[in-house]
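Just so you know, we're using our numbering here: the sequence shown kicks off at 69 and counts up by one.
Since the hints were derived computationally from the structure, they do not count as laboratory data.
Note that the Cβ used here is the ideal one computed from N, Cα and C, for glycine as well.
Accuracy of the hints is not assured; some may be wrong.
To be verified - Keeping only pairs whose Cα atoms sit at most 30 Å apart, straight-line, the calculated DSS-like set for lysine-lysine is:
id, residue 1, residue 2
1, K128, K150
2, K222, K150
3, K260, K105
4, K165, K105
5, K273, K260
Claimed, not checked - Quick list of simulated restraints, FRET-style, between CB atoms:
id, residue 1, residue 2, range
6, V311, L229, 28 to 34 Å
7, L93, R225, 15 to 21 Å
8, E126, T317, 21 to 27 Å
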Amino acid sequence: MKISFSTLGCPRWSFREITSTAVDLGYQGIEIRGIGKDISVPSAPDFLDANLPATLAELKRMNLAIPCLDSDCCIHLRETEKMVDAEVEAYVLLAEKLGSPYVRVMATAPVPQPVGTVDEGYVRDRAVRLGALAKAHGVRLLIETHGVWSDSEKLARLLSLIGSDGVGALWDVHHPYRFMGESPKTTLENLKPWLCHTHMKDSLKSGESYRYVLPGFGDVPLAEAVHALREAGFGGYYSLEWVKRWDTTLEEPGIVFAHFANFMRTL
């Protein structure tokens, strides 16, 4: 089993602190969603061309992979198309240099809940075009079970219509369960042909809402999801997405990253 954590969980850490912690705790990868104040990965100093050789050397020395670059590129919005397309290209080119196979893009509103509507035809056409760009550089764009795409059957229909090797699925194990009432088995059956990467997180219901908790302390069926993925022969990463950057009341990264590594070893 390969585990990673998203840098969303350690917004105040330097790249060196991130890599050192990952190695110390037995992680095989780090998923990049900003470094420090730089939420845009291609703009972060460690990933600028002048500093990239040192960053690559550090990753090689630590024997760490970057399984995915997480962007906030919203490919469902017409009004920002030109700017966002350029951002997607920057992420793809950086992923190619890093040897990272995936770039996460957004195709719905940034909130996790399935609110609002999306022009599915527009998303499809744009994903086809951007997927071709990604594929040409040996990279795959991933659409996450997030927002309206928390409905995994709906996401599967979209991916089938896109029909591109340059576009795949990222299964956030939390959202289809919490918002759509899906079992892990159902989500996996729907997304298996396109599944590339996972996000792991846990929560408990809190009135009409929910609150994130340490993995294993909530009611999200993480063990069931891991078992189903193993049975299906999934060889990708189980990546902790701890949203500390967006919710500073959550537990500190050192505690959570250590807990997740130990928790996953019990499954």
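Verification of the hints:
1. K128 / K150: Status violated; Cα separation ~35 Å.
2. K222 / K150: With Cα atoms ~26 Å apart, K222 and K150 stay inside 30 Å; holds.
3. K260 / K105: Distance ~35 Å between K260 and K105 Cα, so the pair is violated.
4. K165 / K105: With a Cα-Cα distance of about 22 Å, the restraint between K165 and K105 holds, given a limit of 30 Å.
5. K273 / K260: Holds. K273 to K260 sits at ~28 Å (cutoff 30 Å).
6. V311 / L229: 28 to 34 Å: Roughly 30 Å apart at Cβ, these two residues keep to the hinted range, so it holds.
7. L93 / R225: 15 to 21 Å: With a Cβ separation near 39 Å, L93 and R225 fall outside 15 to 21 Å, so the hint is violated.
8. E126 / T317: 21 to 27 Å: With Cβ atoms ~31 Å apart, the hint is violated.
Of the numbered hints stated above, those contradicted by the structure are hints 1, 3, 7 and 8, listed in ascending order.
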